[in-house]
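Colleague: Each chain is listed here by its residues.
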Amino acid sequence: MRRPRHWLLYGYCLYLLLPLYWLLNMALRSNSDIVSRLEVIPANPTVANFAEIFTNPVWYQAFANSLSYVVLNTIISLVVALPAAYTFSRYRFLGDKHLFFWLLTNRMAPPAVFLLPFFQLYSAIGLFDTPLAVALAHCLFTVPLAVWILEGFMSAVPTSLDEMARIDGHRLAYFFFRILLPMIRGGIGVTVFFCFMFSWVELLLARTLTASSAKPIVVVMTRTVSASGLDWGVLAAAGVLTILPGLAVVWFVRRHLAKGFAMGRV
Amino acid sequence: MLPVVLVVAFSAVIPLMTVVNYSLQDIFDPETPLFVGFEWYRETLRDPRFMAALVRQLGFSAAVLAIEVPLGILIARSLPREGRLAPVFLVVIAVPLLIPWNVVGTIWQIFARPDIGLLGASIAKLGLEFNYTSSVVDAWITLLLMDVWHWTSLVALLVYAGLASIQAPYYQAAELDGASRWQVFRYVELPRLRSVLVIAVLLRLMDSFMIYTEPFVLTGGGPGNATTFLSQHLTIMAVGQFDLGPAAAFSVLYFLLIVLMCWLFYSSVMREDEQ
Chain W
32 MRRPRHWLLY GYCLYLLLPL YWLLNMALRS NSDIVSRLEV IPANPTVANF
82 AEIFTNPVWY QAFANSLSYV VLNTIISLVV ALPAAYTFSR YRFLGDKHLF
132 FWLLTNRMAP PAVFLLPFFQ LYSAIGLFDT PLAVALAHCL FTVPLAVWIL
182 EGFMSAVPTS LDEMARIDGH RLAYFFFRIL LPMIRGGIGV TVFFCFMFSW
232 VELLLARTLT ASSAKPIVVV MTRTVSASGL DWGVLAAAGV LTILPGLAVV
282 WFVRRHLAKG FAMGRV
Chain B
22 MLPVVLVVAF SAVIPLMTVV NYSLQDIFDP ETPLFVGFEW YRETLRDPRF
72 MAALVRQLGF SAAVLAIEVP LGILIARSLP REGRLAPVFL VVIAVPLLIP
122 WNVVGTIWQI FARPDIGLLG ASIAKLGLEF NYTSSVVDAW ITLLLMDVWH
172 WTSLVALLVY AGLASIQAPY YQAAELDGAS RWQVFRYVEL PRLRSVLVIA
222 VLLRLMDSFM IYTEPFVLTG GGPGNATTFL SQHLTIMAVG QFDLGPAAAF
272 SVLYFLLIVL MCWLFYSSVM REDEQ
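Heads up: the sequence lines are chains W and B, in that order. Position 216 (the first sequence) corresponds to 247 in our numbering; numbering is contiguous. Position 259 (the second sequence) corresponds to 280 in our numbering; numbering is contiguous.
Do not take every clue at face value.
Said to hold, decoys possible - One-sided and incomplete, this derived list gives chain W residues near chain B with beta-carbon spacing under 8 Å:
#1 Tyr46
#2 Met214
#3 Arg216
#4 Gly270
Stated by the list, open to error - Derived coverage of chain B by chain W (criterion: at least 3 residues anywhere in the stretch with Cβ under 8 Å from a Cβ of chain W; other residues may be distant):
#5 100-114
#6 148-159
#7 268-274
Source of the hints: derived by calculation from the structure; they are not laboratory data. We treat Cβ as the ideally placed atom computed from N, Cα and C, and that holds for glycine.
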């Protein structure tokens, strides 16, 4: 019916993959190799860069820190967004539209604006330099997004189901956990994808809210750049490793991905 | 309802109030703030560096939208709907969205460097002068290439999802009428993609306006100030120089500007809808 334009798609994928290939290429070469000559295919591939990351506590602890605040953030976002999304999708109340829009404006807030107050707030209550601080700060943009996506999925579930459950004598909690949540599994998966995506990729807030003990991987990467005269190979290897969790998540939700994007609406 | 309001209040309202508070005061030491009214706002608006960053920011966002939205639509239209390759293409396209932003900067740094980068070295082989750390034009080209690489996927995935919801009979009817490919796009697909495109443009507008990490890693705002956008400028003011008052006034203006632009765009689209 419609002939897809293959050359464009393949060209674009090549454009996406080439820089990634180059990153992997660098990760597999020693630093002196990288600086001295250009090799499209590594002549003496080495895993020394990866070994460096897995044996140096600065690197692997940073990975653990990053993963812990991303997971915390995803859990917090889901826990607070699920009831809110249900309320927005089922009840009409005074100012509901305004409240919904207000939640979305938080998505529009530049993180740079919140830098200073976050820093002071979390220092004041003793959360500074903990994964929890970063997780809470990232809620700024993951919670509105989660509410937005989940509301779309819940609104697609007919309200007659709510009533049937009530007539059957089930309490709201039973309906919510046993009937509604399993029905919007895909939506929850997509929400996790988005929370993960925005929390994992963020640097500015994560950098400002941590000092030493909770330092995330992205920060360690920028500090190696400024400090010890640049080891491109290790940097590239760390880059490769930061891509892997994202790949895993996107692979799990690939079937729901298109549907999840379709649910977004203003 | 209550938990969400609490968390958002904690992570958004309290900090925002602090910012507004700072923006109206002169703080030498935290004990003795001095109320200065709108002085910082006046100062910020007269500051040539703010204006220059704003102009660069507007240019960057306009360029990003002009490239990414049409390209995203083209990519989405050429993506296969089914078959074994369809999920593979989807995953490849989604990958740039899941890479930490500073890693995106790093990837392009090592890709575009004239000494060790594949792209930079290839261009140098062609005999062209290309150095994004010294030439303003090259820095902008690299930044735009990077942003297109990073974010076109978002537009493509949104449009792909929108296209998937158009039912086959529309296409069959268009085919019976002998519509050309352009006509199919213009009269069948575009009207049904409207709401998805509104979201795509809004998201790209907001996010390109907040860009910080990638240029920070790639060019550090240079050469000179050529790629210093609003977020960089603000971060330098707030964290680097610790000018709390002016930085806070800047923040409030910045935030209001984004909300205003999104609101104008959104309401003008909605008004057209009603007509």
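Colleague: Hint by hint, note whether the structure agrees.
Modeller: Consistency of the hints with the structure:
1. Tyr46: holds, 7 Å
2. Met214: Hint violated; Met214 (chain W) Cβ to chain B Cβ min 19 Å, cut 8 Å.
3. Arg216: violated, 18 Å
4. Gly270: holds, 5 Å
5. 100-114: holds (count 8)
6. 148-159: violated (count 0)
7. 268-274: holds (count 4)
The structure does not agree with the numbered hints 2, 3, 6 stated previously, though it agrees with the rest.
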